[in-house]
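So the protein lines, in turn, are chains S and R. The first sequence begins at 1 in our numbering and counts up by one. The second sequence begins at 1 in our numbering and counts up by one.
In case anyone wonders, no lab produced these hints; they're calculated from the structure. Beta carbons are placed, not taken as given, at the ideal position from N, Cα and C, and that holds for glycine. Honestly, I wouldn't trust all of these hints.
The list that follows gives simulated cross-link-like pairs (lysine-lysine, DSBU-like), each with its CA atoms no further than 35 Å apart [claimed, not checked]:
{"#": "1", "chain 1": "S", "residue 1": "Lys245", "chain 2": "S", "residue 2": "Lys62"}
{"#": "2", "chain 1": "S", "residue 1": "Lys151", "chain 2": "S", "residue 2": "Lys62"}
{"#": "3", "chain 1": "S", "residue 1": "Lys245", "chain 2": "S", "residue 2": "Lys178"}
{"#": "4", "chain 1": "S", "residue 1": "Lys62", "chain 2": "R", "residue 2": "Lys143"}
{"#": "5", "chain 1": "S", "residue 1": "Lys178", "chain 2": "S", "residue 2": "Lys155"}
{"#": "6", "chain 1": "S", "residue 1": "Lys155", "chain 2": "R", "residue 2": "Lys143"}
Chain S residues, not near chain R, derived (Cβ > 10 Å throughout) [claimed, not checked]:
{"#": "7", "residue": "Arg35"}
{"#": "8", "residue": "Leu148"}
{"#": "9", "residue": "Glu250"}
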Amino acid sequence: MDAPPLSGASAFASGLAVSARNLTFGYAGSLPVLRDVTFTAPQGGITMVLGASGSGKTTLLKLIKGLLHLTNGEMTVLGQTFRAGDRRGLTPDIAYVPQGLGLVRNLTVLENALIGSLSRLPLHNRLLGGFPPALVAEATERLTRVGLGHKLHDKAYNLSGGERQRVAIIRNRMQNPKLILADEFVSQLDPITQTQIMTVVRDRTRSDGVTYIQTTHELDLVPRFADCVWVIRGGVKVLDAPVAKTSVDELERALRGS
Amino acid sequence: MLVTRARFYLLLLLIATMYSAAGIGLLDLTRITKGLGNIGIFVADMFPPDPAALPQVSIAMIETIQIALVGTVIGTVLALPLALLAMPALTTHGVAPVLRFVLAFIRTVPALLWGVLFVVAFGLGPTAGAVAIGLYSAGYLGKLFYELLEGVDPEVVEAVRSVGCSRLQLARYALIPEAANGLLAQLLFMFEYNVRSSSIMGFVGAGGIGYYMLGYIQLLRYDALFTALLVTLAVVLVLDVISNRVRAAFSLRSPASS
Numbered sequence: 001m002d003a004p005p006l007s008g009a010s011a012f013a014s015g016l017a018v019s020a021r022n023l024t025f026g027y028a029g030s031l032p033v034l035r036d037v038t039f040t041a042p043q044g045g046i047t048m049v050l051g052a053s054g055s056g057k058t059t060l061l062k063l064i065k066g067l068l069h070l071t072n073g074e075m076t077v078l079g080q081t082f083r084a085g086d087r088r089g090l091t092p093d094i095a096y097v098p099q100g101l102g103l104v105r106n107l108t109v110l111e112n113a114l115i116g117s118l119s120r121l122p123l124h125n126r127l128l129g130g131f132p133p134a135l136v137a138e139a140t141e142r143l144t145r146v147g148l149g150h151k152l153h154d155k156a157y158n159l160s161g162g163e164r165q166r167v168a169i170i171r172n173r174m175q176n177p178k179l180i181l182a183d184e185f186v187s188q189l190d191p192i193t194q195t196q197i198m199t200v201v202r203d204r205t206r207s208d209g210v211t212y213i214q215t216t217h218e219l220d221l222v223p224r225f226a227d228c229v230w231v232i233r234g235g236v237k238v239l240d241a242p243v244a245k246t247s248v249d250e251l252e253r254a255l256r257g258s
Numbered sequence: 001m002l003v004t005r006a007r008f009y010l011l012l013l014l015i016a017t018m019y020s021a022a023g024i025g026l027l028d029l030t031r032i033t034k035g036l037g038n039i040g041i042f043v044a045d046m047f048p049p050d051p052a053a054l055p056q057v058s059i060a061m062i063e064t065i066q067i068a069l070v071g072t073v074i075g076t077v078l079a080l081p082l083a084l085l086a087m088p089a090l091t092t093h094g095v096a097p098v099l100r101f102v103l104a105f106i107r108t109v110p111a112l113l114w115g116v117l118f119v120v121a122f123g124l125g126p127t128a129g130a131v132a133i134g135l136y137s138a139g140y141l142g143k144l145f146y147e148l149l150e151g152v153d154p155e156v157v158e159a160v161r162s163v164g165c166s167r168l169q170l171a172r173y174a175l176i177p178e179a180a181n182g183l184l185a186q187l188l189f190m191f192e193y194n195v196r197s198s199s200i201m202g203f204v205g206a207g208g209i210g211y212y213m214l215g216y217i218q219l220l221r222y223d224a225l226f227t228a229l230l231v232t233l234a235v236v237l238v239l240d241v242i243s244n245r246v247r248a249a250f251s252l253r254s255p256a257s258s
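Extracted from the complex, chain S is given alone in its bound form (with noise of 0.2 Å):
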């Protein structure tokens, strides 16, 4: 393909998992919720999105994700290019992990990590309903890997904080994503099991070459686990950089706007 650069297949293959230009988002009559954004995010590390809340940062992860449409600018996710007024699909290739974790309170812990697995379910499975036993095995190895083994049946609204967490993680890997979106992911957990987590997430970047885009508004997270950071501030993107060449005053300064 004849593309130009930085758009369509050819920033994919140039490394980046998503590429935006002149970004813009608005409800219709009233002010834009992002202005103007433009960044990158290189494929096979951790990106995190530092803001305050309202700045627009979970309105950036789903523009990424597909559940909210641009008003204008472009955007290249995975290889594929949209501007404003495309429609698109959401794909399991790309994950989104919401703020409260979006857990089915009502089912199961086997059958929430399940979840991630339903578009690759049989036909039959798709319309009857249930899990192929391959899939069941699947998740019940991996539940058990992470400590849930003998919670597989419990109800997910039963479970604490961490356990949460890590039924998340597990939906997430049965889905079998290229590229995670997460919004405050750890936020809500203590700094040891924080750690714990985001140490699993990294691993997971460095073996399995998955990009992983976090938003978050705690600033020590970020020299601690990113490669790259963007600081949005007000809708608008103040600073962009690999963390290697930025430091905790400057991330601290575009966060404050002073």
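Chain R: place on chain S using the hints.
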């Protein structure tokens, strides 16, 4: 200013009420006094309830419960798919409003009138009653169900949609389980309601205890009528206790209390 305006509306309401009351005949004092006297005689005639009516009334009560049970099941089986199709998020553009209109129309016709129509179709007896209750319940539950399904936590819906599942899978693995407790509570409420409504189906010849109630009124056997009313009351109270127990057993424990 505010007080005088409130007084003005209050005065307006008073005038409208007096005018309507006069039209209805409630200001005709001789008529009211006579009526109150009749109620006294009527109530005196009800005591003591006639135990001789008990066998007949009990058998009719069982038929009433059967009508309510079958009607509620028919209603639920129809209401759930109709409610799902009445959700704009799950159906093709334009289908949902049509279904909502159909459900509203079914509810507009009182259950007793559906009873009259089905007596014409199926002949006298409980068959007509059960079908009438079933249809009315479908309209009523259909609305309650789609409202509950629409109230499902949007984060859960986004998380499950994001895995790239079908609409049917979204309904089965996210909407229905998340709304399950509410659906069950409405279902039990509908059953109680239907026991009351099928106890007057007999007024129009559609089966159940109402047939005897009407007969006792026409034969001035107010003591037997009282027996029928007491049996109905007892059944409704027992159902109330049972449904409260079932609801408590299935209710979600909130994260705060666990």
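Evaluated hints:
1. Among the hinted pairs, S/Lys245 with S/Lys62 is consistent with the structure: their alpha-carbon atoms are about 28 Å apart, no more than 35 Å.
2. For the given pair, S/Lys151 sits about 31 Å from S/Lys62 by alpha-carbon distance, which is consistent with the 35 Å threshold.
3. About 26 Å separates the Cα atoms of S/Lys245 and S/Lys178, which keeps this hinted pair within 35 Å; it holds.
4. A C-alpha spacing of about 30 Å is found between S/Lys62 and R/Lys143, which places the hinted pair at or below 35 Å, so the restraint holds.
5. Taken as a hint, the S/Lys178 and S/Lys155 pair is honoured in the structure, with Cα atoms around 29 Å apart against an allowance of 35 Å.
6. Note on S/Lys155 and R/Lys143: the hinted pairing holds, with a Cα-Cα distance of about 28 Å set against a maximum of 35 Å.
7. Its beta-carbon lying about 24 Å from the closest one in chain R, S/Arg35 satisfies the requirement of being farther than 10 Å from that chain.
8. The Cβ of S/Leu148 lies farther than 10 Å from every Cβ of chain R, with a closest approach of about 17 Å, so its non-interface assignment holds.
9. The claim that S/Glu250 is not at the interface with chain R holds, since no C-beta of that chain comes within 10 Å of its own (minimum 33 Å).
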